[in-house]
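For this one, chain A is given, so just place chains B, C, D, E and F on it according to the hints.
Letter by letter, the chains look like this.
There are 6 protein chains.
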Amino acid sequence: MIEPLPDTLVAPVVRAALAEDLGRAGDITAQACVPPDARLNVVFATRKAGVVSGLDCARLAMAELDPQARFEAMVVDGEQVQAGTALARVEGNARAILSAERTALNLMGRLSGIATLTREYVDAVAGTRARIVDTRKTTPGLRALEKYAVRCGGGVNHRFGLDDAILIKDNHIAACGGSVAEAVRRAKAQAGHLTKVEVEIDGLGQLDAALEHRPDVVMLDNFSLDDMREAVRRVDGRAVLEASGGVNLQTVRAIAETGVDVISVGALTHSVGVLDIGLDAV
Amino acid sequence: MIEPLPDTLVAPVVRAALAEDLGRAGDITAQACVPPDARLNVVFATRKAGVVSGLDCARLAMAELDPQARFEAMVVDGEQVQAGTALARVEGNARAILSAERTALNLMGRLSGIATLTREYVDAVAGTRARIVDTRKTTPGLRALEKYAVRCGGGVNHRFGLDDAILIKDNHIAACGGSVAEAVRRAKAQAGHLTKVEVEIDGLGQLDAALEHRPDVVMLDNFSLDDMREAVRRVDGRAVLEASGGVNLQTVRAIAETGVDVISVGALTHSVGVLDIGLDAV
Amino acid sequence: MIEPLPDTLVAPVVRAALAEDLGRAGDITAQACVPPDARLNVVFATRKAGVVSGLDCARLAMAELDPQARFEAMVVDGEQVQAGTALARVEGNARAILSAERTALNLMGRLSGIATLTREYVDAVAGTRARIVDTRKTTPGLRALEKYAVRCGGGVNHRFGLDDAILIKDNHIAACGGSVAEAVRRAKAQAGHLTKVEVEIDGLGQLDAALEHRPDVVMLDNFSLDDMREAVRRVDGRAVLEASGGVNLQTVRAIAETGVDVISVGALTHSVGVLDIGLDAV
Amino acid sequence: MIEPLPDTLVAPVVRAALAEDLGRAGDITAQACVPPDARLNVVFATRKAGVVSGLDCARLAMAELDPQARFEAMVVDGEQVQAGTALARVEGNARAILSAERTALNLMGRLSGIATLTREYVDAVAGTRARIVDTRKTTPGLRALEKYAVRCGGGVNHRFGLDDAILIKDNHIAACGGSVAEAVRRAKAQAGHLTKVEVEIDGLGQLDAALEHRPDVVMLDNFSLDDMREAVRRVDGRAVLEASGGVNLQTVRAIAETGVDVISVGALTHSVGVLDIGLDAV
Amino acid sequence: MIEPLPDTLVAPVVRAALAEDLGRAGDITAQACVPPDARLNVVFATRKAGVVSGLDCARLAMAELDPQARFEAMVVDGEQVQAGTALARVEGNARAILSAERTALNLMGRLSGIATLTREYVDAVAGTRARIVDTRKTTPGLRALEKYAVRCGGGVNHRFGLDDAILIKDNHIAACGGSVAEAVRRAKAQAGHLTKVEVEIDGLGQLDAALEHRPDVVMLDNFSLDDMREAVRRVDGRAVLEASGGVNLQTVRAIAETGVDVISVGALTHSVGVLDIGLDAV
Amino acid sequence: MIEPLPDTLVAPVVRAALAEDLGRAGDITAQACVPPDARLNVVFATRKAGVVSGLDCARLAMAELDPQARFEAMVVDGEQVQAGTALARVEGNARAILSAERTALNLMGRLSGIATLTREYVDAVAGTRARIVDTRKTTPGLRALEKYAVRCGGGVNHRFGLDDAILIKDNHIAACGGSVAEAVRRAKAQAGHLTKVEVEIDGLGQLDAALEHRPDVVMLDNFSLDDMREAVRRVDGRAVLEASGGVNLQTVRAIAETGVDVISVGALTHSVGVLDIGLDAV
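Chains as they are written, first to last, in my numbering: chain A, 1 to 282; chain B, 1 to 282; chain C, 1 to 282; chain D, 1 to 282; chain E, 1 to 282; chain F, 1 to 282.
Just chain A, same shape as in the assembly:
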């Protein structure tokens, strides 16, 4: 089961999204057309098959506008569902539900889209040792939620930001005088005992230097399949190997079969369509 984020982390995002949508005057359509005491009974339902993520966003959006609304989830985040599946039932003030609808759908749709795409990648590498991980190519303001959605899809999270792991790229190496080994050495010297160090290399020629100071992870950037296999052979478990670059649903299986440990996929969060979900009156 996927561990939900605490409301403390989700509620501010939901509240900001509602405020953005309500603007200065609130929902003037509901005010004009819907009696203040009208009740509504609705169901969130999928229009397409996919993996659900973000039910808490929908619950919190409804609760923010009608604290007495009854929200009942009928599936759990991380569940694979068919088109037409009822995800949650809401009963409450009609205006509140209609005003919160778009916020709930925007968040749940986006997170479920990410979970669904992640699951496709995870399924594509089933049976290999490779895990599918995300990147920092997330939507500004939604990183915690989007990385949660990746977990809902069966993926694993790369670092959350610039501060929770060291990841040395070409520009950093250049700043160390061009020496991969020196860059890793500095990073290991600086890193705390709970901080991992990863280094990105462009070709097999950098591999030995990269390993010299024992990083935790080596990222193989845009390697050919042959070079990946060779890297797996040479490293032989001394570091975790991450494949990166040129990954898509057509290529990911072959990459996984090279024996790498981790495959990072920016598209999980930077180029994903929403899962089509709607709100139906009962």
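The hints are simulated quantities; they were obtained by calculation from the structure and are not laboratory data. Do not rely on the hints blindly, as some may be mistaken.
For identical chains, the list gives no copy identity; a pair is met inside one copy or between any two copies.
No farther apart than 30 angstroms at their CA atoms in a straight line, the calculated lysine-lysine pairs in the BS3-like style are these [unchecked claim]:
#1 K48 <-> K169
#2 K169 <-> K188
#3 K48 <-> K188
Below, chains B, C, D, E and F alone, put in the same frame as chain A:
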């Protein structure tokens, strides 16, 4: 030329995105590997062709971490560029540039992706009277920026939130006892003299009732092409007609040729890939 | 009945007002003199006749300091009441009630003052076609609430900000080379299908040019009554006509009788006295 | 000379006011009609005579939208000026100036209105020992600025909130079993050595009890002129005496002549018209 | 009994502390190891003797992560307790309790540390007229809470910030041309009727000048015991006397016995160890 | 050299601290006594020997109140200095400098106190392999800054929050049915490839189980020196060993000599005195 958003609206988004990425300890890789006084000279360059949007995000991200950095835009937002085009040049503190890189790319890539997709739709309807508009299916927290990106691509904005126009949908009509005419009547009575009223209908059968109280806009939801043509004929300029539902790059031209005024496309913002942009050291 | 604003829009204003009043140490008088468990039973009552607005502010202020307090409204927003009318009853922790009192009164008094003044203008034009509208001359931070108070008084809202309608004034026309027609043309070209366009003119001489590109609204700025009548005659329903400038309770009736559609009154929000309301122990 | 508030306290209010006005899309009129590089040269000028307050608000509003704008104040806060006086000159980007105009005017107009009214009260008591002070009946969110405006008008500030002085009112006395003396005793026992204690009394009968534990200030609430004189005589300098209730420009002189030290006037901030100020192109 | 701060002032501090600890991904240890529905029954217990302060922080931290958690305080703030005392019992969701534990302990431990140290100073001067007061040397962001903790320990609060009392120090005197009397005169002229004025002097030679314009308080900065006694004798009740500088638990009794009214101790908040409190599963 | 935090992370803390101190009316002492144009030339100087940390806080506090102030650091963070050392020179507006003084000193004093204490621990273990690390027992709101101060003192940072590493404690183990091995297994299964896993054990009896699933770090909680040595021998490099509990300046050397890799010291941040720094007029 596209009118830029004032920095006052953009800077808080950029600042929040940087804070999210820097976390509690800042960029520990740059701290470990890059000397504090190192300088860097870089160029933002497209890897694919597209329409640019969000140069100000990149400028503000750099300025936030190095107020002395020199940022020089080489194109303008809204410009169509080829793969390999230099978009902007930055010269400044190396750590600052490397730490701001991902924030700049995440925002500019997403906005340019939206602008690029919008342009495809706009080009597809060239020569017709139809304008391409967005929806409220935007990323929470980024609505103002994403709607700006739609303008960069040649699109036009639908309402910005629940409070700046009235848009009556099926649930609102149900709350008025099922009468389209009554819903529009209430809305017109409530609306201020600078607030427009739009009503969504599901079929031609609702058209006369919808027009009875003279809404500004009628949305034709999931109409067949024949029904759209018939609606255009019957309305005869008494209201703006918006086509909605089932719009994609394959269908949009035919829809435009029915004579509708406006075609709204949720996918412009809810299912868009980033434009691939990179940062290259010079 | 006036449609209340959602708590989501009101609560942050109330919370900020309380924080401003409580400062760093809270209510040191209540701490010194009132036993922590003391209860209080109070009534908000008018000292003068007027139109009520802002009951939710009082309710939320009390709830913020004593979530268990029982708040019972005895009238509704928008109601015309006599001096000495009980507006709401509160029973709860004595310290909480005394600490929230000033915040509740400051907000409710101000909003009721606006509603009361608005009602005077609305009554003054009764029987004419003219509607009384507000302006953007509101108190910074309170625009949504003050515009709500105008609605409570029977008024209608002008635009909420710089972004939800286009209003072309003399300086904009000057920036277009002095041509009213050109300014309207540019605005209409830029405006989305849900955005209205209004243009302000200084004299009848600008009227034809103003109408050339079919704005939604023409504002007659400081027109004489004769010129207003002439404008009404010439426009003949092709645009909404708004009278502005020199409006007060002495002049408003005559202005309304010229046949204009809308009369905007800055004084509704920029120069209004509070309605005198007090808190009485029962 | 009036001591200006530090920008650190004023800028957040100005920034929030601008954000409220710019909304999600910014100034769409300026975007449509004013070329992005157009320059403007304007003067803030009074339409009526009054006392100026809030020049810094105007300066900061302009600077927020055009950091390069040149703002030159031509008077200082606290200065009494005639109608038609130029208060400040601004030269900068035309769009920025037009977009910031209303925010600048709303704040400066309101603060100058308060300063002007305060000056009237101060002039009315000239030659007596009485000082004019404000109350906590300020606009939520603007207390620091409105109290500054009172100082600009020659007034003095009462406490800033619930936490910087003790002010015992009837409800507090009731909570102490109805004993004025006991309420003051508790307050003095609790108060720090830099916290003053004031007690409000309703009639001469409470005066001796009120003085028993030596409060710093006694407030005479709605006393007749005779009773005020008698209170002045009896207290004989042992406490500062504050007159409150029923104060207006007709009554304030007579109240001051009773010999009280301080006269508090809620209307200074709760029922004040803006000073009419405009922005004129040069 | 110590008067608790209203939750309105405490909750934002607690919420910010939780957010700082939860970061972007929440408590990943609890997510990995603790079943989502597991319950926990815990007791906050002292490891050392001390004075309790901050129980509300613990309650609010728990409530933020589990609104249904049952929190039962077993002592009250301000109570002196032995090592091993149970302070409060919590029953609720296991993850929530474990995730909130550190935030609760960090705040309650620090506040109790301050209360405990304050009590030592207060006990050291028992029987003298001197009161122990704090300073503005508090932790940024925690001033209201730390000053509350001082009250829990039996101390009294000095001013809360730069704005609620005037305290003239050597640099201010220098800015007045070096004249103590002139500095006090200016301050008294500017001060409102609820604002006290204190002046700091370095030696007896400044005492007469300091008293000339009747400040409320004179601070004797780093006076010898003899000079303090002499100051007490000379002032003879015309002003409150505050001793400052060189105060520690060894010196405070002798200082108090000189007859000063107030002794301020920066160490109460700037150099204090936490009271050791732990969370024990029941 | 210690890598400074980016201003983006430090400025909000400084700004909030200034706002807390300035309150609603600003520095009323400076307003009363210091002419608005007075200049001041000051030096921050140590009163005691120590390790400097937080110069940027002082710089930013001054810049916030006087953007034109010239601030010149004369040492760098992390430098060991004697009593009486000039740390930085400031020249600017006198009021601004006096108003920012306490904020600057509160932050710099606290951070330097932490750095100084850390250095003592680091010096005490010189020549051993042990590194001194902090804990999460930091001041709410200041974690990033306090952990930076630990680095200034030569220490290394433990995790920054609940989300950047897994640390399994007794309560987590209990929630896994009491099995250390099972808890580590679950954690390793859940952890991403850049997330380390640490487990705390109470005695040698848990060591083998703890190692079974290969955690990155094992924390020896309150082990005797003999047991630590035995743990070092048995683990033999298969995991990093962290000693915790009962660490003080008397015991830390002996602990280090057992061969553990890391010694965590809560007192570095939870019980530290400020370094005494003052501001002297030049």
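How the hints compare with the structure:
For a Cα distance limit of 30 angstroms, the shortest separation of K48 from K169 across copies, 22 angstroms, qualifies, whereas the shortest one inside one copy, 39 angstroms, does not. Taking the shortest alpha-carbon separations for K169 and K188, both the intra-copy value of 15 angstroms and the inter-copy value of 26 angstroms come in at or below 30 angstroms. Proximity of K48 and K188 under a CA criterion of 30 angstroms is satisfied in neither setting, with 47 angstroms inside one chain copy and 34 angstroms between copies.
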